[in-house]
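K.L.:
Quick note, the sequences are listed as chains P and G, same order. Residue numbering for the first sequence follows our numbering, starting at 1 and increasing by one per position. Residue numbering for the second sequence follows our numbering, starting at 1 and increasing by one per position.
For the record, the hints were derived by calculation from the structure and aren't laboratory data. Incorrect hints may have been included.
[What the hints assert, rightly or not] Some chain P residues near chain G, calculated using beta-carbon distances under 7 Å:
(1) 21
(2) 25
(3) 39
(4) 51
(5) 84
(6) 115
[As the list claims (entries may be wrong)] Here are a few chain G residues that sit away from chain P, every Cβ distance over 12 Å (derived from the structure):
(7) 51
(8) 135
(9) 162
Computed from a predicted model, the values in this text were never measured in an experiment. Backbone N, C-alpha and C define an ideal beta-carbon position, used for all residues, glycine too.
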Amino acid sequence: MRDDVIANHDSLATLRRAFDEGAVRTVRICFGDHYGVLRGRHVAVERLLEDPDAPYGFCSAAFVWNRRSEISNATPFASFDTGYPDFYWRVDPATAVVCGWAPGEALALGTTSMPDGSPAFADPRHVLSRVLAASPSVAEPLVRLALQFQGPGDDTRWRPGSDDPWPTRVMQGLTTSGYRGLALQAVCRGAWCRLSLGEASALAAGDAGLVARAALEEIALLLGSEASFVPNPPGATGAGRLEIALELDGADPDLEGVRRRLADLCVLLRPTVNAYVPTPENAWPLVFGGWLRSTLASSEANPYLAIAAVLAAFGSRSRAQGDREMPSTLEEAAGRFAGAGWVHEWFEALFVDHAVALARAEVARDL
Amino acid sequence: MSAEFADLCWIDLAGRPLVARVNARRDGGGERAIEVSSREVAPGGSEKERRLLLRADRDAVFRSPWTDSVEIVMCDLIEVGGEPSPLCSRDVLRRVLADVEAIGAQAVVAAEFEFSLYHEATEEPAYRGIEGYGIVPGVEFGSFLRELHDLRGAGIPVESCHLEYGAGQFEINLRHTGAGRAMDEAVLLRTTVAEVAKRHDLRATFMAKPWTEHAGNGMHLHHSLWGGGRNLFFDEASAGLSPAGRAYLGGLLRGLRELSPLGSPTSNSYRRREARSFCPVNASWGVDNRTVAVRALTVSESATRLEQRDAAADCNPYLALAGQLTAGLEGMRGEDEPPPPIEGNAYGADVPPLPRTLESALAAFANSDLALRTLGPELFGALIVTFEREAERSLTSVGEWERRAYLTRV
């Protein structure tokens, strides 16, 4: 399934070849934080290849930071009251890619665990894995992602035949890394850009969304500019979002139920205060060409958590009881998530407490 | 010796590597030609100035990161009569390691350093904001980071490097290895990081607290003792610290206050010591706890270790480690029992505080029999003079904040 989005079959072998050829020297060992910000360490490639099973310790504060690395001290996962213990990262061999946009570097994602061996419940990649395991009905769905964001510069780069370096660098970089099915385009008359990723299994789609977003930001920085994923920048028309499409494979979803459940999960889909200004229109799920499509997630959402939310909303057999209207503030979204009993079929209670605490910390900071 | 030239490298009391380049092939090592002033090694020393000589340590040879024609040969300082100099930091550590070997053990140590990149012209951090473990903000420093990993080829095996929790700040981790070798790698790492930064039009500082508003730079040392192929700190039955590990820990805790100036030798060192800064402020310990002074990690036998977290990144690593090892061994001899671990936030814990100023640290150090035995009388005395001068200079200096607060007050 992963081959649909990343061409590598044995990515550690690919990494070894690239190292032997002198094409890569360091590898970023990475994970996505609660907001989908790519974080990690740089290690020498030979260090990873010498012992691919070796664990790497990271401070658990990494999962309680917001996008600006401000610490929340209120979640059950990590705080000064827990002493910020390590969590351990081990490479997922299927995820290693040579960074086509960063010469000499490779990147690998991993699985995480706590010192006692239990999964790191706050790791969004683990949260998605758990949702996938929670119901056979959504175990292997195909997922397509598209990121809408503010690219660097103005819309002149989108003139036919433009030699502007940014779109070319993005496409070259991601294609060289093995990503398939890519399309980069202007939308809203050039006010926004949209990167579409090829269809993949849910976890691979989450991996690709996380890495692609970081690559877009990096390439812009390397060109002396900026790509912004703030969903509602001042004065902008339209909004930054993460579009998620789920292959229905003949299923006939209860759209009203999915809508109500998605409204309960907004804290995962729209995790920042800015995402609620203004309330989005036409963001409700619809069925299009055999795919269930949601544009509710904001561009700052963590791809793993957003996919997990759509899968849970689609896969739940619980009778939808919540309000069909979307929360109008992050505080309201946190309350909906905390109070919706059905979410515990899909999300660990500790994770629910963690996500709610992070959201409320964001609200408090904004105030 | 395969390179044409050798940089004979000795260590001053501040932990800085100083070098003389010699023609290695023609002069057979060449150390006989080098004389070093005791004042150069220990500027604050109270003893009369005298000549010191070098003795090359052929087991501690490093390749130059920059050229194949030069090797770096670590040297000990010796007296004219050939005996080890009391001012030699490497020899201080060697003596303590002999004490470790006397109990049938070997000390394995890993150093981790924080440092800050800044722009020379403005003296401002190379990146603003806090970007802990950040990948995208690190892109600007990609080639700098790749060059740090290339230091493996020079015999300085960098394990990993990442953006740390302060503006312009990075953390770099070295491997676990024999304690003497680990400290040689540590001092060469610092100077090489500074040189790599310079080649990228940046500057690197290991200063303990370069900016008031940003996190300071620490040096954490990870200790374990091994004997017969086993980690002596690991207790298989409890999957926790062994009695030997607990006794060593007890010794580390007892030594924290009186040995503080060895890891925190400047007035600036103590500006790191703030609550909720991830720098310890008291003589606390805990299991995998980042708010304490000594963090115990007991995940497996191979990974079991004690991480002492109070030292500043710009200390003399040999002396800091020598003090810590001596304290740990004292604990083992006395079969110390550490207090209960701190679970959770140590910043408000009811345990003895660490010194907050060099003056208070010096008061404990000057009366420390442990420090005297670790260092020997001459080095102990030289360090006291050095610390006194440093403290006096700090006391009589007017800071920028004072001008901001009082210059226009009428």
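K.L.:
The structure should be examined with respect to each hint, and the outcome stated for every one.
P.N.:
The hints, checked one at a time:
no.	hint	verdict
1	21	16 Å, violated
2	25	5 Å, holds
3	39	4 Å, holds
4	51	11 Å, violated
5	84	4 Å, holds
6	115	5 Å, holds
7	51	42 Å, holds
8	135	4 Å, violated
9	162	4 Å, violated
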